[in-house]
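There are 2 protein chains.
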Amino acid sequence: MAITVVGSVAFDSIETPSGRRERCLGGAATHFSLAASFFTDVRVIAVVGEDFGPEQEAVFQARGIDTRGIERIAGKSFFWEGSYLENLNEAKTHATELNVFAAFEPKIPDAYRDSEFLFLANIDPVLQRRVREAMPDARLVAGDTMNYWIKDHRAALLEVLKGLDILLINDTETKMLAGNNNLVHAARAVMALGPHTLVVKHGEYGATAFFSSHSFSKKDAYEEHIFRAPALPLEEVVDPTGAGDSFAGGFFGYLASQTEITPATFRRAMFYGSVMGSFAVERFGTERLQQLTRQEIDDRFILFRELTHLD
Amino acid sequence: MAITVVGSVAFDSIETPSGRRERCLGGAATHFSLAASFFTDVRVIAVVGEDFGPEQEAVFQARGIDTRGIERIAGKSFFWEGSYLENLNEAKTHATELNVFAAFEPKIPDAYRDSEFLFLANIDPVLQRRVREAMPDARLVAGDTMNYWIKDHRAALLEVLKGLDILLINDTETKMLAGNNNLVHAARAVMALGPHTLVVKHGEYGATAFFSSHSFSKKDAYEEHIFRAPALPLEEVVDPTGAGDSFAGGFFGYLASQTEITPATFRRAMFYGSVMGSFAVERFGTERLQQLTRQEIDDRFILFRELTHLD
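Those protein sequence lines, which keep their order, are chains E and H.
The numbering used here applies: residue 98 is where the first sequence begins, and numbers increase by one.
The numbering used here applies: residue 98 is where the second sequence begins, and numbers increase by one.
Okay, chain E solo, but in the shape it has when bound (with noise of 0.2 Å):
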């Protein structure tokens, strides 16, 4: 089933150990729309500028993602520039300049309306809300957010939570929304504010998911499930940019390819979110997505399962 994912396609200019990229391809939504591709159809709604052209169009073209709801309008699209010299886990923002994506109204193409699945990307929860409501028929909505959000658009962001069924944030954002350092206290509290599953990212150390009954097409009594998907210990991460916003498109875009979700396409769909992360990683900006195989996918989702499983 196909998934429309709204936020932002971006230029990132980025410096880790590895060496030095200007303006890459990158966004939430890019990473997100690429990594999903790989399992499902995706449809993309972002605004880019007069910078975004044919080279960037045919990243998207090559993935069969479709990009009819990227709006083009004059002037520079969205630009970050950050580093990761200390740090591979935490950017150090250098410049982050909003540009088109500062007026950015959600247009939804008629074509995208019977969309099942609704991913909201990291973007402004007003954004996020107005799009969910503009798709009421999507069966699924998953949505991601950031601290910014959390400590200075709470209201807003609280009334997306409402219509939303799966969250996904990593530890900092989960105990800094809930108000609370313990993580399951802190998860039960989260998702008491709407969504019936959260997926805390870990970064290097992989990701939990906390779910219920609810998560699943066939609800039975209520009953709480905890699922930790690892992380592959990697000999080099050259780019951690766009690391959690490829789990989400592995996640999400397995569960969306799924026709039912059960207990074991959730953990799956985990298991794919991890994987590619872990790619994502190896390479510059989607560099990596980009020449990706569904076999390499396939592979290293075996070599996931030798890290975790007993037998």
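Be aware that a few hints might be false.
Said to hold, decoys possible - Stretch-level coverage of chain H by chain E, calculated; a stretch enters the list once three of its residues show a Cβ under 8 Å from a Cβ in chain E:
#1 199-213
#2 246-255
#3 326-337
#4 357-366
Stated by the list, open to error - Listed below are several chain E residues computed to face chain H (Cβ distance under 7 Å; list not exhaustive):
#5 K272
#6 M273
#7 T305
#8 P330
#9 P360
#10 T405
#11 L407
To be verified - Okay, derived cross-link-like pairs now, DMTMM-like style, lysine to aspartate or glutamate, Cα gap no bigger than 20 Å in a straight line:
#12 K248/E / D268/E
#13 K272/E / E332/H
#14 K272/H / E333/E
#15 K204/H / D249/H
#16 K272/H / E187/E
In short, the hints are calculated from the structure, not lab data.
We treat Cβ as the ideally placed atom computed from N, Cα and C, and that holds for glycine.
Start from chain E and add chain H according to the hints.
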């Protein structure tokens, strides 16, 4: 097969967000041997003072632990006071009184000499090496260390590592010992110093084992393996003291209980390590391990399996 462990038997005064305990029984050898005692026979080498009485002795006796190697001398036992008020992952030390431990000269009872498994808990590497040399028949030798020895007693520690099969340390210690910030590269560098197996403990995120065919009874062509055991997301961490030693006890105790070390037993050992660590933190000091049953251990093993396995 029996394990001999050498390390500290001590008194700890501990403060955590859950409360405070004065002078509870602690020390690496204590936590290790309690955890390992659920799997195999354990023999302790340590030194204590006159404050170590029948009450403390009874804790070991109740678990069938051989204490003939715990020397009692005039003076007070090793004492540590610490708190975890701001961060449950890192202790703040308020006082360390070595007392009788300052002049510790490990003496190995004859009855211990046939131990095929030897665990060198975190003590002065000079003493670790002495015990290792005094037990040349030990078939599998594992050990722990800490940042203090890595930084200021490197030469002595390197001698210990040469005689070690398995080293269990945390992320920071691994990177510090290797002088490399990438975990995979650091692990390889540490294994080049001696141990064919390295278990890196990640606290609340579990542990990663780096091992090779040399880790097993049947040594095939050299092949690198990585295995990740999770930690249980816990609703309440009452006291993290001894979690790492309990992990080591579960891990090494299970290995010692097996007739052969295969990739499968090795993976199960990692799980039992995580299981014992998860129990240890549920109460202050040794309280939880004292009350534990084998049935609870097996139940939690199944829980860990569900937490990580696809089906």
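Legend entry - Hints violated by the structure (numbers, ascending): Of the numbered hints, 1, 2, 5, 6, 9, 15 do not hold.
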